[in-house]
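Undergrad: Next come the chains, spelled out residue by residue.
There are 2 protein chains.
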Amino acid sequence: MSTTSVLPKGVSKARFAEAVKAYRAIVGDAWVMVDLDRLRPYSRLMIPDQAENHAPSGAICPASVEEIQKVLAVSRQYRIPLWTISVGRNYGYGEAAPATPGQMVLDLKRMNRILEVDAELGTALVEPGVTFQQLADYIEEHKLPFWLNKPAPAPLVGPVGWTLERGMGYTRYQEAAQHFSGMEVVLADGSVVRTGMGGVANAKSWTAYRFGYGPQIDGLFMQSNLGIVTKMGIWLMKKPAATKTWVAGFRNFDDATLAVEVLRDLRLDGLIDNGFVMHMSYGVALTHKRADIYKGPGAVPDAMWAGIAKQMGAPLWSAAGTLYGTPEQIAVNQALVRAAMEKIGGLFMPEEAIQGPGTLMLNNIRMLTTNQLSLEDFAIFNYRGGGCAWVAPIIPAKAADAKRCMEIIQRVKAKHGFDFFGGFMAGFSGRHFDAASILLFDRDNPDELQRAKACYLELVDETAKAGYPVYRANTQAMDLTAKYFGTAQRQFNARLKQALDPLHILAPGKSGIA
Amino acid sequence: MSTTSVLPKGVSKARFAEAVKAYRAIVGDAWVMVDLDRLRPYSRLMIPDQAENHAPSGAICPASVEEIQKVLAVSRQYRIPLWTISVGRNYGYGEAAPATPGQMVLDLKRMNRILEVDAELGTALVEPGVTFQQLADYIEEHKLPFWLNKPAPAPLVGPVGWTLERGMGYTRYQEAAQHFSGMEVVLADGSVVRTGMGGVANAKSWTAYRFGYGPQIDGLFMQSNLGIVTKMGIWLMKKPAATKTWVAGFRNFDDATLAVEVLRDLRLDGLIDNGFVMHMSYGVALTHKRADIYKGPGAVPDAMWAGIAKQMGAPLWSAAGTLYGTPEQIAVNQALVRAAMEKIGGLFMPEEAIQGPGTLMLNNIRMLTTNQLSLEDFAIFNYRGGGCAWVAPIIPAKAADAKRCMEIIQRVKAKHGFDFFGGFMAGFSGRHFDAASILLFDRDNPDELQRAKACYLELVDETAKAGYPVYRANTQAMDLTAKYFGTAQRQFNARLKQALDPLHILAPGKSGIA
Numbered sequence: 040m041s042t043t044s045v046l047p048k049g050v051s052k053a054r055f056a057e058a059v060k061a062y063r064a065i066v067g068d069a070w071v072m073v074d075l076d077r078l079r080p081y082s083r084l085m086i087p088d089q090a091e092n093h094a095p096s097g098a099i100c101p102a103s104v105e106e107i108q109k110v111l112a113v114s115r116q117y118r119i120p121l122w123t124i125s126v127g128r129n130y131g132y133g134e135a136a137p138a139t140p141g142q143m144v145l146d147l148k149r150m151n152r153i154l155e156v157d158a159e160l161g162t163a164l165v166e167p168g169v170t171f172q173q174l175a176d177y178i179e180e181h182k183l184p185f186w187l188n189k190p191a192p193a194p195l196v197g198p199v200g201w202t203l204e205r206g207m208g209y210t211r212y213q214e215a216a217q218h219f220s221g222m223e224v225v226l227a228d229g230s231v232v233r234t235g236m237g238g239v240a241n242a243k244s245w246t247a248y249r250f251g252y253g254p255q256i257d258g259l260f261m262q263s264n265l266g267i268v269t270k271m272g273i274w275l276m277k278k279p280a281a282t283k284t285w286v287a288g289f290r291n292f293d294d295a296t297l298a299v300e301v302l303r304d305l306r307l308d309g310l311i312d313n314g315f316v317m318h319m320s321y322g323v324a325l326t327h328k329r330a331d332i333y334k335g336p337g338a339v340p341d342a343m344w345a346g347i348a349k350q351m352g353a354p355l356w357s358a359a360g361t362l363y364g365t366p367e368q369i370a371v372n373q374a375l376v377r378a379a380m381e382k383i384g385g386l387f388m389p390e391e392a393i394q395g396p397g398t399l400m401l402n403n404i405r406m407l408t409t410n411q412l413s414l415e416d417f418a419i420f421n422y423r424g425g426g427c428a429w430v431a432p433i434i435p436a437k438a439a440d441a442k443r444c445m446e447i448i449q450r451v452k453a454k455h456g457f458d459f460f461g462g463f464m465a466g467f468s469g470r471h472f473d474a475a476s477i478l479l480f481d482r483d484n485p486d487e488l489q490r491a492k493a494c495y496l497e498l499v500d501e502t503a504k505a506g507y508p509v510y511r512a513n514t515q516a517m518d519l520t521a522k523y524f525g526t527a528q529r530q531f532n533a534r535l536k537q538a539l540d541p542l543h544i545l546a547p548g549k550s551g552i553a
Numbered sequence: 040m041s042t043t044s045v046l047p048k049g050v051s052k053a054r055f056a057e058a059v060k061a062y063r064a065i066v067g068d069a070w071v072m073v074d075l076d077r078l079r080p081y082s083r084l085m086i087p088d089q090a091e092n093h094a095p096s097g098a099i100c101p102a103s104v105e106e107i108q109k110v111l112a113v114s115r116q117y118r119i120p121l122w123t124i125s126v127g128r129n130y131g132y133g134e135a136a137p138a139t140p141g142q143m144v145l146d147l148k149r150m151n152r153i154l155e156v157d158a159e160l161g162t163a164l165v166e167p168g169v170t171f172q173q174l175a176d177y178i179e180e181h182k183l184p185f186w187l188n189k190p191a192p193a194p195l196v197g198p199v200g201w202t203l204e205r206g207m208g209y210t211r212y213q214e215a216a217q218h219f220s221g222m223e224v225v226l227a228d229g230s231v232v233r234t235g236m237g238g239v240a241n242a243k244s245w246t247a248y249r250f251g252y253g254p255q256i257d258g259l260f261m262q263s264n265l266g267i268v269t270k271m272g273i274w275l276m277k278k279p280a281a282t283k284t285w286v287a288g289f290r291n292f293d294d295a296t297l298a299v300e301v302l303r304d305l306r307l308d309g310l311i312d313n314g315f316v317m318h319m320s321y322g323v324a325l326t327h328k329r330a331d332i333y334k335g336p337g338a339v340p341d342a343m344w345a346g347i348a349k350q351m352g353a354p355l356w357s358a359a360g361t362l363y364g365t366p367e368q369i370a371v372n373q374a375l376v377r378a379a380m381e382k383i384g385g386l387f388m389p390e391e392a393i394q395g396p397g398t399l400m401l402n403n404i405r406m407l408t409t410n411q412l413s414l415e416d417f418a419i420f421n422y423r424g425g426g427c428a429w430v431a432p433i434i435p436a437k438a439a440d441a442k443r444c445m446e447i448i449q450r451v452k453a454k455h456g457f458d459f460f461g462g463f464m465a466g467f468s469g470r471h472f473d474a475a476s477i478l479l480f481d482r483d484n485p486d487e488l489q490r491a492k493a494c495y496l497e498l499v500d501e502t503a504k505a506g507y508p509v510y511r512a513n514t515q516a517m518d519l520t521a522k523y524f525g526t527a528q529r530q531f532n533a534r535l536k537q538a539l540d541p542l543h544i545l546a547p548g549k550s551g552i553a
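As given, the protein sequences belong to chains A and B, one line each in that order.
Per my numbering, the first sequence runs over residues 40 to 553.
Per my numbering, the second sequence runs over residues 40 to 553.
Possibly wrong hints are sitting among the right ones.
One copy or two, either will do: identical chains are not told apart, so a pair holds if it fits within one copy or between any two.
[Unchecked claim] Quick list of in silico lysine to any residue cross-link-like pairs, SDA-like style, CA-CA up to 25 Å:
#  : residue 1 : residue 2
1  : K442      : A240
2  : K182      : A439
3  : K278      : A370
4  : K182      : D304
5  : K334      : V73
6  : K283      : P366
7  : K382      : A280
8  : K522      : A538
9  : K382      : D157
10 : K334      : Y177
11 : K109      : T526
12 : K52       : K349
13 : K109      : E390
14 : K504      : A240
15 : K60       : K382
16 : K278      : E57
17 : K328      : A527
18 : K278      : K382
What the hints contain is simulated information worked out from the structure, not anything from laboratory work.
No experiment lies behind these values; they were computed from the predicted model shown.
In isolation and in its complexed conformation, chain A is listed as follows:
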């Protein structure tokens, strides 16, 4: 077995050694890694793909914009591609490893300063290496009245990378891509551009007003390889006076799809800020190992989930959410949510009425929708051996589409022997939902890895062909996913790439941009 990493495409061993020397002269010897042992954090995968398809040539950890500019110069000279990560824990989407083998991972973890928190405006200007935990600690230390919008693995990941990938949170702010203002970006040629008001000398509103003047360019750097984002203005959610989490149980899937429309209408009415519709299997997977509940062939059958639900006294499908505001506001709004859910046959349970097994789901939703940073959601990885891929097709907020898309997910997963774990998450305007499902599998079992891979690719393919493409793809399906968005978009992106990074130094393969 080789102890040296894979070489960048078209770069000789000698030239690569020269480049590494040049990189080391910039960031210091310790911050350029090329031996396999030290590259392990950058090559470890949870997604269902062979590690060699994503093997990095090395990793570089610059400490500043100036170092990034110098690293870019070396990369341009030697034609060595750079795969940028911020905190590098893109769980279930490819983690820290590049889309294609033979790239240097540009790890921005050392750029982890909280540059400015504006306690009046509720904004934080941060570097890419900042984690949610770090930001939460800062807020606590300074006793600021703000919460963080965040993903489930918040303590370990960071707001910049998460926002750039268009992560979906659970609080009032949910859609990360709608809740930031201001980026600093280093382009492939080393030039630096600050978006929006950031270009103004003496700017007062960089983190407050996103658009600036003329075309809005910050969107170009999201899910993309057109630049390296080195600063971002994250919006902090004002701490509410109170919260109340609610759950409404449904007898069957058809009724639960109606909840998608009810949540949509409540969202359009401005009454709720978040809303979820979930199958109980996810809750079970948080607290059980698969081997303890099912030993049969194929996926856990529907009837068995129903049986477990009955035994637990939990509904097979639930809608849930958290209301924010003063107690008076919450009381008025909860009555309206309750009436809407009961109208479609939902068994409405306010937070204080939930006891017994139902508290598991309640606690999980409450943890995600309030300001608790917890790793409890990580328990999901114990269910079936650590392999993980998220599949989250976008559907319009209609019951028929919810049903059709989720049936595809369930059918394809069952075909390949993987358990269901389906749910819907209201998008930021209520007009779309993420029809999300997690594919859990044993990465150490080569046969299962192969089956999971086939399953993932088929899920991406079948949902897209039905008109419900995923909003985010893991590194093994980026090209595939981009294809469903048509040649016109691909050609347009290629023109941007050609204009901004003609040598293709930045993250080849990212989002299928070539």
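Fit chain B to the given chain A structure using the hints.
TA: Coordinates of chain B only, in the frame set by chain A:
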């Protein structure tokens, strides 16, 4: 006086005649205008600049994407620039006329189909020529439970152009640029790209989910000349169960600037959807001609506004807004708004308590914030002779910045002899406000036109230098405004322009992109 229009730069009379013939062969003789009489709608100005600086060479009205593609081919062949307008009534920002003389106005008014209204999702896919009135009529005819987010001159203007210019509305949705999904764009080379989910065959969420996969490109076509937008998915606001408009009076400017911070905090709490802070002069201008209230030199003095206010029994400064929801929600929320306003010395008046002269302002705010389409705001143009320019610098939502920026506006306007009309409008997240003011002047008085021009340019300059650049500039100050956003942004935009429109066919001068 010449009866023929100005020629495009570098195009001979003979070549231009050839091109006009070619354009006519595409769209029909009647839809290509080059004689001055017929060009009047495209050369008429309200902004304080000489008409010759914006004289069009002609106008073309295509009826379809295919015709636009053919028009582009002719323009590329003859190097004739096209200044695109949708409805073409960009009042106070340059109206229908191009930024620089010698462009053909590409008037999309014939492309005025409402292509699809999704009554479940609350979205309307429309062409650029559609007006708010047309959409309102459609909604009424089909008895749909939706309202329109719209600017003051809504009956005459359209959602596509308004959204592309990042117009600010008054309802729940306010910031137009945050409330749409999906564009179809024709590029300078004639290729067509649909943004977001629009690229997906069998797409279900084009008008519901904006981002699609990979970089977000729709922002590139806003306030820009990188493409011609031919379709757009506009979000309709759900009709609320009830509304209540409120007003809070303040004794002086300093107290009123505190209202900016209170509105910010209420917005961050998710409690209000809109908020305004206004000087009473705007209300007076809606109902008076200047000559009837003031005959002295220079701007109407402060003391006189205070006197008029006293005489009317109206506050000099007010905050105002409209609450939406069920009567119960409104009651709870209004109590919170009232408490917050009273805490800073505001005299809070709920809708039903307002009588006498105060109803003027109440009615105006209610008209703007609810679903009434009215031309009553047009009365403002009778105040002083029809000339008009909007100046709306962006400020962070802080009292000190509100004060500083508004003092610049008042000082510069007074210096040139123009009346105040200042106010603040909460931005969509509450973190920024538009510090807006309307410059009203007599366009038929050459001296006053010159003074208004000097005043406008000085307003744009002084506010930008203080860190508060305008969010939108009229056609005489596009280059100037772009300059304040720095060379990095300008160079970036120039690279995009080079990649997408290397012959500079599309709207030279727009937003200073060159």
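Undergrad: All hints are to be evaluated individually against the structure, with a verdict given for each.
TA: Now for the hints, and whether the structure bears them out:
no. : hint        : in the structure
1   : K442 x A240 : between (52 Å within a copy, 20 Å between copies)
2   : K182 x A439 : between (46 Å within a copy, 23 Å between copies)
3   : K278 x A370 : both (18 Å within a copy, 22 Å between copies)
4   : K182 x D304 : between (36 Å within a copy, 17 Å between copies)
5   : K334 x V73  : neither (43 Å within a copy, 80 Å between copies)
6   : K283 x P366 : both (9 Å within a copy, 22 Å between copies)
7   : K382 x A280 : between (29 Å within a copy, 18 Å between copies)
8   : K522 x A538 : both (21 Å within a copy, 22 Å between copies)
9   : K382 x D157 : between (44 Å within a copy, 23 Å between copies)
10  : K334 x Y177 : neither (47 Å within a copy, 59 Å between copies)
11  : K109 x T526 : between (35 Å within a copy, 21 Å between copies)
12  : K52 x K349  : neither (62 Å within a copy, 84 Å between copies)
13  : K109 x E390 : neither (54 Å within a copy, 62 Å between copies)
14  : K504 x A240 : between (48 Å within a copy, 7 Å between copies)
15  : K60 x K382  : neither (68 Å within a copy, 64 Å between copies)
16  : K278 x E57  : neither (52 Å within a copy, 66 Å between copies)
17  : K328 x A527 : neither (46 Å within a copy, 54 Å between copies)
18  : K278 x K382 : between (32 Å within a copy, 20 Å between copies)
Checked against the numbered hints given earlier, the structure breaks hints 5, 10, 12, 13, 15, 16 and 17 and satisfies all the rest.
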